[in-house]
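*Asks:* Build the full structure now, drawing on both the sequences and the hints.
4 protein chains.
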Amino acid sequence: MPDLNGAVTEQDQQRVWAALDKFRIEIPSWGFANTGTRFGKFSQPAAASTIEEKFADAAQVNALTGVSSTMALHVLWDLPSGKSDIPKIQQLERTYGIRSGSINPNLFQDQEYKYGSICNPSAEIRGNALSHLLDSVEIGRALNSRDVSMWVSDGSNYPGTQSIRRRIEYMEEVLAATHAALGPDQRMLVEYKPFEPAFYHTDIADWGMALELARRAGPKAKVLVDTGHHLQGTNIEQIVAWLLHLNALGGFHFNDRKFADDDLTLGSIDPYQVFRIFHEILSDTTTNFNDIAFMIDQSHNLKGKVEAMVQTVATAQELYAKAALVDHAKLAELQKSCSLVEAEETFREAFWTDVRPIVRAWRQSHNLPANPLTALAESGYVEKISQERSAKNAASVSSYA
Amino acid sequence: MPDLNGAVTEQDQQRVWAALDKFRIEIPSWGFANTGTRFGKFSQPAAASTIEEKFADAAQVNALTGVSSTMALHVLWDLPSGKSDIPKIQQLERTYGIRSGSINPNLFQDQEYKYGSICNPSAEIRGNALSHLLDSVEIGRALNSRDVSMWVSDGSNYPGTQSIRRRIEYMEEVLAATHAALGPDQRMLVEYKPFEPAFYHTDIADWGMALELARRAGPKAKVLVDTGHHLQGTNIEQIVAWLLHLNALGGFHFNDRKFADDDLTLGSIDPYQVFRIFHEILSDTTTNFNDIAFMIDQSHNLKGKVEAMVQTVATAQELYAKAALVDHAKLAELQKSCSLVEAEETFREAFWTDVRPIVRAWRQSHNLPANPLTALAESGYVEKISQERSAKNAASVSSYA
Amino acid sequence: MPDLNGAVTEQDQQRVWAALDKFRIEIPSWGFANTGTRFGKFSQPAAASTIEEKFADAAQVNALTGVSSTMALHVLWDLPSGKSDIPKIQQLERTYGIRSGSINPNLFQDQEYKYGSICNPSAEIRGNALSHLLDSVEIGRALNSRDVSMWVSDGSNYPGTQSIRRRIEYMEEVLAATHAALGPDQRMLVEYKPFEPAFYHTDIADWGMALELARRAGPKAKVLVDTGHHLQGTNIEQIVAWLLHLNALGGFHFNDRKFADDDLTLGSIDPYQVFRIFHEILSDTTTNFNDIAFMIDQSHNLKGKVEAMVQTVATAQELYAKAALVDHAKLAELQKSCSLVEAEETFREAFWTDVRPIVRAWRQSHNLPANPLTALAESGYVEKISQERSAKNAASVSSYA
Amino acid sequence: MPDLNGAVTEQDQQRVWAALDKFRIEIPSWGFANTGTRFGKFSQPAAASTIEEKFADAAQVNALTGVSSTMALHVLWDLPSGKSDIPKIQQLERTYGIRSGSINPNLFQDQEYKYGSICNPSAEIRGNALSHLLDSVEIGRALNSRDVSMWVSDGSNYPGTQSIRRRIEYMEEVLAATHAALGPDQRMLVEYKPFEPAFYHTDIADWGMALELARRAGPKAKVLVDTGHHLQGTNIEQIVAWLLHLNALGGFHFNDRKFADDDLTLGSIDPYQVFRIFHEILSDTTTNFNDIAFMIDQSHNLKGKVEAMVQTVATAQELYAKAALVDHAKLAELQKSCSLVEAEETFREAFWTDVRPIVRAWRQSHNLPANPLTALAESGYVEKISQERSAKNAASVSSYA
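Protein chains in written order, with UniProt numbering: chain D, 1 to 401; chain P, 1 to 401; chain H, 1 to 401; chain E, 1 to 401.
A couple of the hints might just be wrong.
Straight-line distance between alpha carbons at most 16 Å, and here's what the computed EDC-like set of lysine to aspartate or glutamate pairs gives [what the hints assert, rightly or not]:
#1 Lys-336(H) x Glu-169(E)
#2 Lys-336(P) x Glu-169(D)
#3 Lys-336(E) x Glu-112(H)
#4 Lys-336(E) x Glu-169(H)
#5 Lys-384(E) x Glu-53(E)
#6 Lys-336(P) x Glu-196(D)
#7 Lys-336(H) x Glu-124(E)
#8 Lys-336(H) x Glu-112(E)
#9 Lys-336(P) x Glu-112(D)
#10 Lys-220(E) x Asp-185(E)
#11 Lys-392(P) x Glu-53(P)
#12 Lys-336(D) x Glu-53(P)
#13 Lys-336(D) x Glu-169(P)
It should be emphasised that the hints constitute simulated quantities derived from the structure, not laboratory data.
*Replies:* What follows is the structure, encoded as structure tokens:
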């Protein structure tokens, strides 16, 4: 193992090493595609527009990082023909050595979801939404994917225009029916978000609502924390602590933001917060680590897509490694005696320490490049796919007007 | 009944009238006392500094409004000798015709609560906090008060200095023990607040945490919503809807704010939001209206204290009357058909309508002054108490330094 | 004049009437078009997709309200061929009796603006942006439009990726060159916005930056306040007061929001705030009222577009009428003596008063329908255009994927 | 010089070293005193309550850090007899080797400032406030202190209760008169804050207002940025960049916060933001570094006061050293070519690097302890003053009630 600096003991390093051994993070297929804001998309020549291209890109990311061998799928975009696309996906899994990760139904894009999907006052539309959810569950089971990640974007834009109460009941019904269809190894992850695309009220606005709905649905339903889905000033690590305490944390959609759900790359705005979230997880003794799905959910509107993904995986590893450096026994002692400055210094010591040498050593010991971003640049991969894909991509630009 | 205007039918007016008949709002004893910010208090000559003065002021407010016959008590400030002050309170109740309202323990002022009260790492300090809570329960029972309103101000100021997880367990233990002591007609209301006086984390930060703690404590524990205790952008009426749905809404601490927990007078910043909160309650069909405690919790730092209280009661009545004007059947129909503009106009019609004539008529029919604020001015009450109290108050100014 | 209620004197009514006489509000062409969020657009059969349809819709709104005879144009969308579209616009002005309002350049949609337009590190791209601005100025002059409304959406998504400082200098250069091209009766309005579509930094983030840039550009540059472009908790009416004090207020983009730049209909979330903004304007004695451009800037993603526009104009009139009711002399007296409760009651008296009867009377005296929304419904206009446009609109749906 | 790690060149280290050579930070006298929230103060045995104790504590901090030889004074608290206390302060300067830093007038504590000081509608009260400001200027001149730091806490709590416009004029008048009294080497720093202690409007709410007021006052007036005085989501480093661009940055009040003006220790919540602020300053080429006053303004409500101060100075140095590591030439190149990921990695490389070894080496080369906090613990200083001061401090506890 490398010499970090005098302050990092052999024991510290072993703890970090062991933590790295068990850390995996899932990448989203849509992170390789062109995305944008309501004001338009900036098209990138290297963007993936087919599911095969997304598998190829994911394989490249995993070849460089070694910790991201699953890819989240978005049903509508990646399996446009629904269940009949399953064999194709399975073929791609074999070809690229990437397994299907969480399955993401789409409840926001169809024109009939204008006033809501599973909260829509129309029983027929709610029924259609349920069908899509049941298909998604079936797809997940066929692909041996554990998690169905449910983001319900329903809400309303104006006070008085919808009954908040009645819509709770609608949701409960659909979620229970979806839960009933889950296979023995499947889970349903309920995501929450305070606003956008609805602006006045979002039907699942916070972790409390997501938790209630998950419980009503059944024991395989857990809460999914998207780090960008909180009001300004929220203490996210406290929510993580509560969900762990209640045995209700299903996993994360990782990203960063400055104001709203900006879907920026993890740790780009507030890396200390990411460190604190990892700390809550690593100091937990009640939850099976593998029951927490670490997933990326970002929109790489401006950054190169493959570059952004590699950068995110590397940053996640490094912030996680910092959290693994925390000396829990010493910290607990100082917290108990309310030695504030000493406790904080002990905690922050781990954050200040440059863990990159040890992460690099870990990578090299697994025959991975020490610096995945540099390796990506040297590989010429992005240039290659840019050439292959650019003509096709130039045509697909959409805009606000 | 008065003629509001052409758009308000006889039936509408009866609905409002009936709603007014059942509306009562509790005033807090501390609303009559000198309060301030961390930068100092501005002393008012008419401020109350004894419990008798607070009872006198409450009686004056109720004489003018007729809907505020109970006064919330703060154990530490109003019963400084604890249980032995009970007879004195009972005597004041008889003298002033004001009953004791909710009982408010104090878990923030003692020096030993520096690092927390019921979440303090010290078992001894937690024990002391529990004792105070048990005393408060006993006081409540002796005074025939239904609710013990628990604001737990515990938290920490710096990441890493306290274990968020461990403190959850501490709280659960104390709250369960407190619940066990409740009499058959008593309830425990669990309040939440995202920040202040602790700045990094508050142990009960949001309604989800309050709800979990209430449930663990037992069936007599409900959630208390203080309208100033939310992050910017929170949809408070949605939380109210959820708590009603879950049969977990215990009551309100009403006030208004622009940014943080400013404790301004109700409706002074965003009256439309107050209207929406009342609407959720009035459109609820599952909860016993009397199970919802409507309480004021404000700090009248600059406004005259009795004036501010009368103004708040009157404003609460008027915004509540507006909400009572909403045509629920028509609104439900329009919500179901997603007729957004029509639904909003139906909803807002009630808000735009000037209900003051009907509220005035209701007051007069109960031998109350049509305009309580004007009546207060004419009564000379504030001048009288200013003269009586001013010398005493001049001495009690405290400051930041 | 109608009898409002006892509290509203003949003199009050005359003041409101006179205020209504001078109030005009501009509607945006894009408010009639399909808009959405980054997650997709919900297509409406009645949406306008051609400039002629937008003129027709604007004419309909003005026929019903009588106060919205100008329509803001978006250069890229409404004059896709640039200056050569001017004769076509002039023809439509004559046909529909609607004049061209403010001219809105587009600095965000072209692929080359990925990293900025007038702040782009590339001198060539900045030059292209300047060309577009100069064209916009020329279009404005040809159409006898006073204002070029400049929303610069430039910014960056990640710390360190752009030089904030250097970009200020780029902007100053382009804005000065644009100002130099303004005709004698033209103005340049500089808009600010704290985030979106850029997430880490927006080059013109607040009114202070907009003001500095306007001053550097020249005397015909003023600040444009979009009510949705502020951080949570901002006191917008205070900014309005400061801009009036500095003689730098050019106008408004009116809309409402709960959290971010939600572009909801005016007054739908916080009507009291709109009232307060109008109050600052109506209590100003230094600015020529006509120098303030009142413009709507909303996205009617869910509401019917023509309905939403009519509703907004009516609501703006009514909230403005409430502000006109304020008794300035009495209020000034009470503010001076710091009679807080009395001052607030005097101020709010105007807000509580139902001014709809007087606004209806004003409309009828101008041969306009008393209730424009009802009149719209009775006109069958929306049904008519839905039939005419629906086939065309069904094809144009875009989405996130 | 020490070996940081392979990535840090000799040249990098020299740059950091040179940067450390010129960095000084001022500590506030009130950081050693008991402070609290509106809910009460937790008294500390080691708290300073006399000006001599504050000088002693400051001397101790400077003995350990070597970069904090000036102490900001609060006129009301530290010179309670005003100008006649000057000789006493001068004596303490000589005794303790600490010079007087910025002079802080107090415009919030006197009872007559209830409705404002320099914005008060009463000309007499404004006159009194001006007198205090003129005294403060004179004190500053006598003490050879460069800066008078003006925090104007004026504002209002309720819409309509004060004239925002009129109060701007009041302020301008007083500030101009104060500026006129400044000596040739004195400056006036105008601070801004969006809320607290006033809740609806603060008269100097943001940097734009502070800048306007500073300009009106005169050329010796600059803007003071308190890092805790911003709305959630504000990009503070952008404001710093603008103030540098406009040659209007006077200095900083450093602290950290999670939600409001929490006055926590610098870098405790968001260290990356502090790094970014230092980066803007270090990449500036137009401002004289010495014209920027780096000052701490924190309330150590829970942390030990001397410990918190030492910790803050050390953290400031370390985050500043990280910023000094940034390779400006390389970064500028990557920003110009919009190489986002590379630019960000270059920028963040400096943040990830553990600069503590080089800061320690710098300290040792100046005969300072490598780790000031450890040295403080070993010195026994806090225990010593606790014993000396504890009896006195126990008596001085104040509270909310």
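*Asks:* Now look at each hint and say whether the structure bears it out.
*Replies:* Results for each hint:
1. Lys-336(H) x Glu-169(E): This hinted pair holds, its Cα atoms lying about 14 Å apart.
2. Lys-336(P) x Glu-169(D): Between Lys-336(P) and Glu-169(D) the Cα gap is close to 14 Å, so the pair holds against 16 Å.
3. Lys-336(E) x Glu-112(H): Distance of about 15 Å is within 16 Å: holds.
4. Lys-336(E) x Glu-169(H): 14 Å, holds
5. Lys-384(E) x Glu-53(E): Distance ~12 Å between Lys-384(E) and Glu-53(E) Cα, so the pair holds.
6. Lys-336(P) x Glu-196(D): 22 Å, violated
7. Lys-336(H) x Glu-124(E): 13 Å, holds
8. Lys-336(H) x Glu-112(E): 15 Å, holds
9. Lys-336(P) x Glu-112(D): 15 Å, holds
10. Lys-220(E) x Asp-185(E): OK: Lys-220(E) and Asp-185(E) at ~9 Å, within 16 Å.
11. Lys-392(P) x Glu-53(P): 12 Å, holds
12. Lys-336(D) x Glu-53(P): Between Lys-336(D) and Glu-53(P) the Cα gap is close to 43 Å, so the pair fails against 16 Å, i.e. violated.
13. Lys-336(D) x Glu-169(P): Holds, because 14 Å separates the two Cα atoms, which is no more than 16 Å.
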